[in-house]
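Peer 1: Sequence:
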Amino acid sequence: MDILGTYLWWGVTHILPYGVDHVLFILALYFSSRHVRPLVWQITAFTAAHTLTLALAALGVIDLPSRLVETLIAVSIAYAAAENLFRTEPAPWRPALVFAFGLLHGLGFAGVLSSLGLPAGQTVPALLAFNVGVEIGQLAVLAAAFALTVWFREKGWYRRFVVMPVSAMIALTALYWAVERAFLTA
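The sequence shown maps to residues 1 to 186 in the numbering used here.
Everything labelled a hint here was simulated from the structure, so no lab data went into it. For each residue, glycine too, the CB sits at the ideal point set by N, CA and C. Please note that the accuracy of each hint is not assured.
To be verified - The following label-pair restraints were derived from C-beta to C-beta distances: (1) Gly5 x Ala91: 36 to 46 angstroms; (2) Ala91 x Leu184: 24 to 34 angstroms; (3) Pro125 x Pro92: 33 to 43 angstroms; (4) Ile62 x Ala147: 15 to 25 angstroms; (5) Asp63 x Arg159: 33 to 43 angstroms.
Using the sequences and the hints, build the whole thing.
Peer 2: Written out as structure tokens, the structure is:
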């Protein structure tokens, strides 16, 4: 497999199946609204932000401790999911918050990419391919969520029996990860 294909594949597999934390973040965004427009704004903000920090970190411009980044990623997931428990629609400022969270997630993606390494002389194409792979993985998560919920998103019980319990499980899982990443891992 060539460099582009390899890094594209690594980007996809970082989300599916290995990026459970990023999958839960995307699902928290998905469950924040029954309407497409707020979701598109959030996903766009997330993509722009994580693309920026992925590139900056991969090129050595930004370097933060992995433990801090991974802990804050977990906190961002918990917050995004918990907000779904208290709001029926995302706040107008949510895309800005998602952008900030995306900056963290991009640093997480860069951590994975740095462990894989970037090929000399092909750094930019490999970086772009990895990022496109991440986007494909995220779109696959959104497509699966939509396919599983399309028939009942407009039902009166959808929020109570789907959004609330799923968001609560995501928030609790992410809080566990935050504690684990901050205090229980070396």
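Peer 1: Against this structure, judge whether each hint is valid.
Peer 2: Against the structure, the hints:
no. : hint                               : result
1   : Gly5 x Ala91: 36 to 46 angstroms   : holds, 40 angstroms
2   : Ala91 x Leu184: 24 to 34 angstroms : holds, 32 angstroms
3   : Pro125 x Pro92: 33 to 43 angstroms : holds, 38 angstroms
4   : Ile62 x Ala147: 15 to 25 angstroms : violated, 36 angstroms
5   : Asp63 x Arg159: 33 to 43 angstroms : holds, 41 angstroms
Checked against the numbered hints given earlier, the structure breaks only hint 4 and satisfies all the rest.
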